[in-house]
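Protein chains: 2
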Amino acid sequence: MQNNNITSIGVDFGGTTIKLGVCRGAELLATDEPIPTQGHASPTALIRVIADRVTALQARYPEIAAVGVGVPGLVDFDRGFVHILTNVAGWNHIPLKKVLGDMTGLPCVVENDANAMAYAEWRHGAGKGLRNVVALTLGTGVGGGLILNGEMYRGSHFSAGEIGQMSVDYNGVVGHYGNFGALEKYMGNQQIAEYAMRCYADAGMVKKAEDCTPKAIAEAAATGDDVALQIWHQIADWLGTALASIAWLLNPDAFVIGGGVAQAGDLLFEPLENKMKSMLSAVVLEGLTIVPAKFQTEAGIIGNAALAADLAFEK
Amino acid sequence: MQNNNITSIGVDFGGTTIKLGVCRGAELLATDEPIPTQGHASPTALIRVIADRVTALQARYPEIAAVGVGVPGLVDFDRGFVHILTNVAGWNHIPLKKVLGDMTGLPCVVENDANAMAYAEWRHGAGKGLRNVVALTLGTGVGGGLILNGEMYRGSHFSAGEIGQMSVDYNGVVGHYGNFGALEKYMGNQQIAEYAMRCYADAGMVKKAEDCTPKAIAEAAATGDDVALQIWHQIADWLGTALASIAWLLNPDAFVIGGGVAQAGDLLFEPLENKMKSMLSAVVLEGLTIVPAKFQTEAGIIGNAALAADLAFEK
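The listed protein sequences derive, respectively, from chains S and P. Heads up: the first sequence runs through residues 542 to 856, numbered per the numbering used here. Heads up: the second sequence runs through residues 542 to 856, numbered per the numbering used here.
Honestly, the hints are just simulated from the structure, not real lab data. Since this is a predicted model, take the numbers as computed values, not measurements. Hints are supplied without guarantee of correctness; some may be wrong.
In silico negatives: residues of chain S with every beta carbon more than 12 Å from chain P [claimed, not checked]:
#1 Ile547
#2 Gly705
#3 Glu751
No more than 35 Å apart at the CA atoms, straight line, and that leaves these computed lysine-lysine pairs for DSBU-like [as the list claims (entries may be wrong)]:
#4 Lys669/P / Lys835/P
#5 Lys669/S / Lys560/S
#6 Lys639/P / Lys818/P
#7 Lys749/P / Lys669/P
#8 Lys669/S / Lys835/S
#9 Lys669/S / Lys639/P
#10 Lys669/P / Lys560/P
#11 Lys669/S / Lys669/P
#12 Lys669/S / Lys639/S
#13 Lys818/S / Lys818/P
#14 Lys639/S / Lys669/P
#15 Lys748/P / Lys669/P
Heads up, the beta-carbon is just placed ideally off N, CA and C, and yes, glycines get one too.
Full structure from sequences and hints, please.
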């Protein structure tokens with residue numbers, strides 16, 4: 542049930558820090574000092590730190606009614622169980638929903654971070670109220686989350702939305718899972734930097750990796766650097782191919798695109814939209830929008846708080 | 542609502558013939574002589590012929606409670622409105638549900654043929670009762686239909702499931718819509734034949750197109766013909782790449798594969814399964830099955846009859 546009047550806490554559990562915020566609907570009422578993710582004696586010790594923060598926020602906002610946590614890994618959403626967090630030692634098989642719920646006395650939900658971002662954009666952001674939304678985050682890798690038929694789509698084993706692993710070339714670069722042509726092997730941050738260095742080298746220019754970040758290439762393109770413009774065109778080609786495939790398969794209302802690479806704005810979105818228009822039928826294009834995400838760093842907090850507000854009372 | 546006790550008529554409206562059958566649940570009680578699709582004075586005249594057949598079947602099966610029609614084109618399922626049938630002259634903007642409903646006095650549903658096939662396999666066939674099923678038909682082109690979260694997924698403009706238009710190569714062969722690398726431009730019947738002729742030519746053998754149908758190549762492979770085996774391997778590579786992408790995106794329970802090309806059986810399914818295993822994570826593979834369709838030519842009748850039985854009373 543969608544409820545914009547419930548006050549809830551969203552917890553954005555990252556590999557480096559854990560951020561908490563109090564939300565009422567789309568409104569972010571308060572945020573808290575980030576908690577370092579690493580260096581705790583055990584997962585339970587870390588959950589205790591989070592629970593204490595939740596309790597402290599409850600003192601300020603007694604109306605807090607639920608808490609939602611988004612984690613960077615594989616989650617059984619129904620049970621609120623963390624299977625594994627690749628980048629956080631010891632986080633295997635943790636019944637996070639139960640432990641945090643017992644410690645705080647609040648209803649909890651636990652979600653994958655890419656899904657939480659998608660939920661934030663669908664409930665309160667760039668895909669608000671649409672029936673079918675594909676949300677992506679372009680950064681170190683390419684993550685995604687799906688809202689289909691007006692609800693979060695998680696797949697049969699809570700693993701849907703792995704857009705970065707989709708293939709754009711059956712004979713292409715091999716991805717992490719042996720998957721040829723995996724999109725993120727073309728347009729993850731590091732892959733973009735490597736590709737850019739090659740492009741500049743081909744043009745007779747030597748560039749260091751730190752001068753080939755998406756941000757640096759966007760700045761160069763903004764000054765009219767032809768090589769940089771060509772790089773964005775190629776990125777749009779890879780991404781547009783994958784998104785066109787998704788559009789043929791799912792016929793969605795919107796693609797909502799966030800993350801560092803999306804900060805390039807029109808440099809990415811203009812060729813991307815042209816690429817997709819060139820690859821889709823009129824019917825699939827009808828009403829389809831390709832938009833930047835509304836939320837940046839706060840997407841996790843807002844999405845998890847919204848999931849908690851909407852769902853914590855259904856379980 | 543799923544109801545296996547309702548008797549309903551399924552109409553499989555193809556470009557050449559229109560087939561009718563009476564079903565109760567998974568049971569096909571009777572079929573009727575096919576009606577030629579072409580040569581009628583108008584769409585209304587053809588609908589009159591179908592309605593008369595329905596009335597005649599009602600005389601034999603008075604318990605018939607609904608009729609479902611599947612057509613080869615773009616349909617607004619909610620309104621039962623046919624936007625366009627590419628291969629049937631004059632079939633633009635036809636309110637088929639209303640006209641046939643008025644003529645027969647029965648509740649009607651109108652669906653796209655690929656969706657009806659998917660529905661048949663999900664309700665009564667190889668994907669029975671599973672939560673998330675991707676169904677494909679491999680023939681002249683590659684069609685598809687999706688069951689997601691336990692219901693037919695049609696997309697925002699009733700165009701979901703166009704697996705044949707998904708790209709397997711961002712630099713590949715150009716498809717009908719300008720889409721590079723469209724799967725069906727590699728493994729539609731005609732494209733398979735052309736590819737096979739090239740493979741045989743490379744091996745110093747001249748083959749005619751009629752000796753390079755999927756059926757002929759399957760027969761050759763069954764006798765140990767190395768070139769034919771290699772062709773099936775390549776088909777599995779293209780198809781496996783596309784299906785692996787879908788698996789990463791949707792994390793389904795099953796792929797159900799029908800149509801002429803799928804008649805090759807293990808020649809296709811064995812390398813396909815190996816290809817997909819080589820491109821997916823353990824979690825996405827968990828519980829995933831890749832299975833031949835249960836229904837062949839009767840899929841349309843059964844799927845449309847099931848849609849009518851399940852849905853005609855909800856509208």
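message: Tell me if the straight-line CA distance from Lys669/S to Lys639/S falls inside 35 Å.
response: 30 Å, holds
- prompt: Would the pair Lys669/P and Lys560/P pass a check requiring their Cα atoms to be no farther apart than 35 Å?
  reply: 24 Å, holds
- request: Given the hint that Lys669/S pairs with Lys639/P, test it: the Cα-Cα distance must not exceed 35 Å.
  value: Between Lys669/S and Lys639/P the Cα gap is close to 34 Å, so the pair holds against 35 Å.
field: Claimed clearance of chain P by Ile547/S, with the beta carbon kept past 12 Å
entry: 24 Å, holds
message: With the threshold set at 35 Å, check whether the alpha-carbon distance from Lys749/P to Lys669/P stays at or below it.
response: Distance ~40 Å between Lys749/P and Lys669/P Cα, so the pair is violated.
query: Taking 35 Å as the top limit, are the C-alpha atoms of Lys669/S and Lys835/S close enough?
result: OK: Lys669/S and Lys835/S at ~10 Å, within 35 Å.
field: Distance restraint between Lys669/S and Lys669/P, which requires alpha-carbon spacing of 35 Å or less
entry: 34 Å, holds
- prompt: Hey, Lys639/S versus Lys669/P, does the alpha-carbon distance stay inside 35 Å?
  reply: Holds, because 34 Å separates the two Cα atoms, which is no more than 35 Å.
- prompt: Does Lys818/S pair with Lys818/P here, judged by a C-alpha cut-off of 35 Å?
  reply: With Cα atoms ~33 Å apart, Lys818/S and Lys818/P stay inside 35 Å; holds.
message: So if I understand the rule, the pair passes when the alpha-carbon distance is 35 Å or less; does Lys748/P with Lys669/P pass?
response: Given that 35 Å is the threshold and the Cα spacing comes to 41 Å, the pair is violated.
field: Distance restraint between Lys669/S and Lys560/S, which requires alpha-carbon spacing of 35 Å or less
entry: Measuring from Cα to Cα gives roughly 24 Å; hence the hint holds.
field: Pair hint Lys639/P and Lys818/P, alpha-carbon separation not exceeding 35 Å
entry: Status violated; Cα separation ~47 Å.
Of the numbered hints listed earlier, those contradicted by the structure are 2, 6, 7 and 15.
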